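*Asks:* Build the full structure now, drawing on both the sequences and the hints.
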Amino acid sequence: MSRLKKKLRSRKAGLPPGALIHIGDIKTKAISLSLVDFGPESYSEHELADLASLDAVPHTAGVRWLNVHGVHDPALLAAIGERFALHPLVIEDILNTDQRPKADDYDDYLFVVAHLYNTDPDLTEVARDQISLVVGHDFVLSFQERSTGIFAPLRQRLRADRSPLRRVGGDYLAYSMLDAIVDSYFGVTENLHERSEQLEEEILGKQNTGTLQGIHDLKRTAMQLRRTLWPLRETLNSLYRSQADFFRPETQLYLRDVYDHTVHVLESLEDLRDLLTGLLDIYLTTVSNRVNVEVRRLTVVATIFMPATLIAGIFGMNFRAMPWLEEGGGFWRAIAAMVGVALGLAGVFWRRLLLR
Amino acid sequence: MSRLKKKLRSRKAGLPPGALIHIGDIKTKAISLSLVDFGPESYSEHELADLASLDAVPHTAGVRWLNVHGVHDPALLAAIGERFALHPLVIEDILNTDQRPKADDYDDYLFVVAHLYNTDPDLTEVARDQISLVVGHDFVLSFQERSTGIFAPLRQRLRADRSPLRRVGGDYLAYSMLDAIVDSYFGVTENLHERSEQLEEEILGKQNTGTLQGIHDLKRTAMQLRRTLWPLRETLNSLYRSQADFFRPETQLYLRDVYDHTVHVLESLEDLRDLLTGLLDIYLTTVSNRVNVEVRRLTVVATIFMPATLIAGIFGMNFRAMPWLEEGGGFWRAIAAMVGVALGLAGVFWRRLLLR
Amino acid sequence: MSRLKKKLRSRKAGLPPGALIHIGDIKTKAISLSLVDFGPESYSEHELADLASLDAVPHTAGVRWLNVHGVHDPALLAAIGERFALHPLVIEDILNTDQRPKADDYDDYLFVVAHLYNTDPDLTEVARDQISLVVGHDFVLSFQERSTGIFAPLRQRLRADRSPLRRVGGDYLAYSMLDAIVDSYFGVTENLHERSEQLEEEILGKQNTGTLQGIHDLKRTAMQLRRTLWPLRETLNSLYRSQADFFRPETQLYLRDVYDHTVHVLESLEDLRDLLTGLLDIYLTTVSNRVNVEVRRLTVVATIFMPATLIAGIFGMNFRAMPWLEEGGGFWRAIAAMVGVALGLAGVFWRRLLLR
Amino acid sequence: MSRLKKKLRSRKAGLPPGALIHIGDIKTKAISLSLVDFGPESYSEHELADLASLDAVPHTAGVRWLNVHGVHDPALLAAIGERFALHPLVIEDILNTDQRPKADDYDDYLFVVAHLYNTDPDLTEVARDQISLVVGHDFVLSFQERSTGIFAPLRQRLRADRSPLRRVGGDYLAYSMLDAIVDSYFGVTENLHERSEQLEEEILGKQNTGTLQGIHDLKRTAMQLRRTLWPLRETLNSLYRSQADFFRPETQLYLRDVYDHTVHVLESLEDLRDLLTGLLDIYLTTVSNRVNVEVRRLTVVATIFMPATLIAGIFGMNFRAMPWLEEGGGFWRAIAAMVGVALGLAGVFWRRLLLR
Amino acid sequence: MSRLKKKLRSRKAGLPPGALIHIGDIKTKAISLSLVDFGPESYSEHELADLASLDAVPHTAGVRWLNVHGVHDPALLAAIGERFALHPLVIEDILNTDQRPKADDYDDYLFVVAHLYNTDPDLTEVARDQISLVVGHDFVLSFQERSTGIFAPLRQRLRADRSPLRRVGGDYLAYSMLDAIVDSYFGVTENLHERSEQLEEEILGKQNTGTLQGIHDLKRTAMQLRRTLWPLRETLNSLYRSQADFFRPETQLYLRDVYDHTVHVLESLEDLRDLLTGLLDIYLTTVSNRVNVEVRRLTVVATIFMPATLIAGIFGMNFRAMPWLEEGGGFWRAIAAMVGVALGLAGVFWRRLLLR
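Chains as they are written, first to last, in my numbering: chain A, 658 to 1013; chain B, 658 to 1013; chain C, 658 to 1013; chain D, 658 to 1013; chain E, 658 to 1013.
Take these hints with a grain of salt, some might be off.
Since the list gives no way to pick one copy over another, a pair counts as held whenever it fits inside one copy or between any two copies.
[What the hints assert, rightly or not] In silico EDC-like links for lysine to aspartate or glutamate, alpha-carbon gap of 16 Å or less:
| id | residue 1 | residue 2 |
| --- | --- | --- |
| 1 | K759 | E924 |
| 2 | K686 | D730 |
| 3 | K759 | D914 |
| 4 | K684 | D755 |
| 5 | K759 | E891 |
| 6 | K684 | D730 |
Just so you know, the hints here were simulated from the structure itself, not pulled from any lab data. Remember, it's a predicted structure, so these values are computed and weren't measured experimentally.
*Replies:* Have a look at this one:
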């Protein structure tokens, strides 16, 4: 719940637009800058101590990829913005880790915001990280809230001599990043579906008070994912259809593929929502059904003991002249009458009780 | 439920895009390749031992149709892809049996993914097979997860000397395949409607605990079908309206017909969904109604026995001076009073009990 | 229910597209062909024994209107198709009485499918007939499942010397047919609204178990009508806006009018759906309310008799020293106490019971 | 309810299109024709005895506005239609007081249908009048079902010497009429909101059986208004955006304003619908809550008297050797035990009872 | 509730369009006019006594910003309208504090209406102020219902020597105002989310009768905000995409940013609505669950005391020959039987009671 609240940026109210303030949790203490410079024939990797050492690294003809972990230092980001001639709004958006996914075209570069989701198997909460990409003609900047390892496989592939990734340029690198991000949604959605299955079993088996809360939480998480995926889908759609020259036609084919994946996850989330609504209906009906069973049980108990009590009451009356009272077997006959009536009525209701 | 989960492709996360990995269940052990080479005047059919023997078959002026059963061998598919100059993404999509239906235009050929549904009358589950088609100018490739016999009638017709199918070329063959696929949906939807009717009878007759689960399952299956049919409908719509030259104008008329069929099945599924929602409402109301009946029954029992017990209690009091006690018929008068009150109150409530 | 099922055409699966098979119930035994040949100055009407006799009728400069009752003879329809050079798909669609309303433009003629609805006041079911129209430049073909008399007023008007209908040509005749068809919906919708009013009275008065079923059935019928009306609306809209030359501009004005009528019926059906949903809500609430009343009644009974029984029990105890027991009026005092407590508690609850 | 039914025009079925028949209630006995002829410098007002006297009124260079109260005389309307060269469909639509709001462009004039709503404070029903306008280049015709006084302020303003209304021409007059009509919706919607507030108070205070019916009726009225307002909104939107020359650019600015008002009323009706749905939810929950309270009360009664009755029963047993029986204070101790147990259990439940 | 009602403008019905009447509450007594005249190099600020003194202030080359607090004086607004050559509809809209947010392009200037929301932490109600902006080429007019301090930070920044705001002109000033307005929504939405969290805790903890009312109120407030935000979003979208020259391309980038913020708040409100619907479901289920618990409790009580009462009744019967009666320990054995049966049945039910 608290995440939704923190999303809101009321503390920025009153400040000039473009004011550089970090919004969100600080998820990593150390900010790290790493530079990868690659071309078809070359590859070098550098951990930078500060931004100044960036220009010390010799620039080959290929693509430069600067990756930043930790986005809570306005000064550093402002410096990077100045170094790469970024618009102040871009820096503001990177600092604010509560952006909607979007792709803004700034003529000289493309600014893409997306979110990474991952569920620690132990975590019930879904953790969200904002990833901002700046795709220029010969450079790619990536900004993450903390080190998530999501781009490690990419770097691995780049390192490989003669990697196709090295030949195709910055747009394909950017696509690969988006692909890795969208792939992360598959795992999360899979987890949600598993939890939904557990809930279904709980509902049809023995419910507990947590079941309803579980459906509610799952619905909320699915809703949250859907809210970030919709704009991401729109973003990818616009990138894939756009005429801008950041993505070459052959890369746009691949963007269509990522777009298809997003649609796929979205449909899976829609399925989940429908399933959860169905579960809630079943849950509600089950509760009503159990009221029914309880009342029925009470009826049975009352129907068995009330007549017997009446019989006992009758033979407890103080009339002088009453049948059976004086006879030796009278008591047992009365008991037999009680048991008989009880069994008879129980028999009438038993059939129904067994049906449940 | 497990199908929905398996749809998700989390195990591909981290792999390079275009990595060839089979996703889905392996539904057939033996992979079989069959080649049909036909033209207006000629027809030949070959079971191929391997891909190499493909080029050994002499190619006439007509159309080549290569059908593959079993899509879980990346190496074979990669070889086919190379042989027919297919884009790596096409091969990736064929291997992944969890695609959304779609039609991608790759200039030299058209790539179509669709799903085949069939319900074994004994099966409660609906089985889904992915069918991928590659439609080139003089060849058609079809990939199925296993042998379903869906294209057997087509082959039958092709074999017939002077079959119109042989004259019209590859686009009409591709259309005939799509038509056969869409026709398979009619049977499935028909089955679902039959199960819905059974459920309606159950609800209005004697329900059992499985009824609710039955509605839930039917809803889920209908939902699943709808999810695959919607993109198929869009796919057919785009094919029918597209300006690409894979389908000649006279074939496009037929595509419009298949498109109409898809819309028809979709509307039938919408009807089903509305009917099921209505059934759920009736079910819920019936449950509430039965609580009502139970409480009413309890009220009747209590109203009959409580006053009688009170009368018995009154005559069981130990007052020295009490009416009737000393008289001979007192006991029977008390019993008569009990029966009278019980009958009277029963009469009041009986009318209502009979109403139900 | 069975209608929905029969809609599906699973038995056509596996047959070549364009296979001529009649789908649907055979509603008339005798197939009848009637020809009307009219122009501004001439009018002739012929019952044809077979298709061959069609060409025996001299053709004037005006419009030919061939009406066919009974569409279950593939051979006859194929012959008509050949005679008027119709596309095989058209004949297939006429044979299949389970089409969606649509208008297909085949350059030389326009093919329109619509449905006729009528409710026999005694019928609870709504009967549906498919009507297919082929509108050429100098001929109109109409195909009906059986003789419904819907076009009788048209023929009446054509017969009249100097009928405006005779001057305006085939497109206006086709429009008049569509107008007659759409007018049939007004009656059906009116009937549905009447049944909805009856249900409302039942719900607010004394419900019975059929009420819920009645709402369900009415909803289903309204849904069915809506499903055929939506595509009809789209069809009329496309006809009215199309640039094809089947309808002259002055007739298109009239098409707009029919289109408006369709929208009107559709809105009336939407109203009906909203009303029925509201009725269901009221029904559900009424059921809950009655549970409430029942429980309240039980509470009153228990509250009256339980204290009285306790008092009787107290005076039935076997203590040696107990007040009142030995006194002459003790018994009556005890009875008075019982009545007093009962009246007191009844008074407390009576107010509430009276409120309902 | 009956209004919805009357909307339907089944009695027209079978008649030729364009047949002139009045549909609807006759709301005024006397048909009255009034003519206003005005220009920047002149103004004259005439009550016409019949249509023939229309041409007797000298026509100045300005605008003629003919207003007709009562639209149930087909002959008169046909004559007016002929006099102003109106299309037969226009006359048909004026006669049929059950039109959807619309604007049809007939080249020489514009035909607009709208509805006027007013709620008599005493009326629970909302009364609807259809108003048809024909806007030509130098004339405006208005047709009303009865005299409602809606255009009285307009006439007042026209009479004023140097009224701006007199300078601006027929299109501005037509706009002023539409503005007056839309303004009438504000009052009706305001009334509905007031009734909704009353219902909310009832629901949170002491409900009665009429509350549910009240929500249902209010929903129906709001639904009816929304159904007429949507097409009116579309009509105004199309007028405001159209390129036709009936409304000059400076008048179109004002049309945008009326359009905004319609949107405003529509949103207010949407609000109302949401509020009513919310009220229904609260009502349903309140009913459930009261079942809860009733059952709880029953539980309390049973829990107090059942143990006491048991104690009385115990001391009523006929064992020879029982404690307390022979002692003098035994009876009072038993009574004390009863009261004690009752108070104890009451204490346990009291807290909860007080919570409600 | 009363706000919704006051929105409606029925008292304007019958008045000529463009009539200048203030609609809404008068929120400030004193009307104040303040003028800011600024350019890159100059800045001056004036509190004006009346409109006449406006022209006394020397006009530099820069931008004039006239801010008006209090919009309930038609005469003053008419004078301002005349001074700046505004259309009468603009003045009418400023006076009517119940406008929908919109942007109307009047060629020479742009007229924008928006709403400001703020929640006093103590207030449960959300207060709404209408802000109207007129953006000309060298002037900006802002009209507020009362002094809210929303533009104070802007003035602060303008005062600063060399403020970037002073260099960029009137369009950027207008943007900054819109940005400040939209920022105010973040705070309100944050508050609503906080209240939703409180309600969730209440529902899962101990509910009270106010909870349902609380959900209802929160839903209504969220609905109200959404209704004003949707048109504001559309307004910003049209401004950002429009080709009009009020906003220079570099400012339009910033408008896109404000637009993104609006979308963000809207999505947050959608989330809130979904959450509240979920809460209502949980609330309803909780109520049903509690009925269940109550009935169960009643069943337990009845099942414990009814058998014991029966045993007491049996030993209270007056048979001559009964077992145990004459034995010394008979009484205690009977008591033991009662306790035993009670414990046994309690044991059976206890497990279930503990589960809740």
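*Asks:* Going back to the hint list, which numbers does this structure go against?
*Replies:* Of the numbered hints, all hold.
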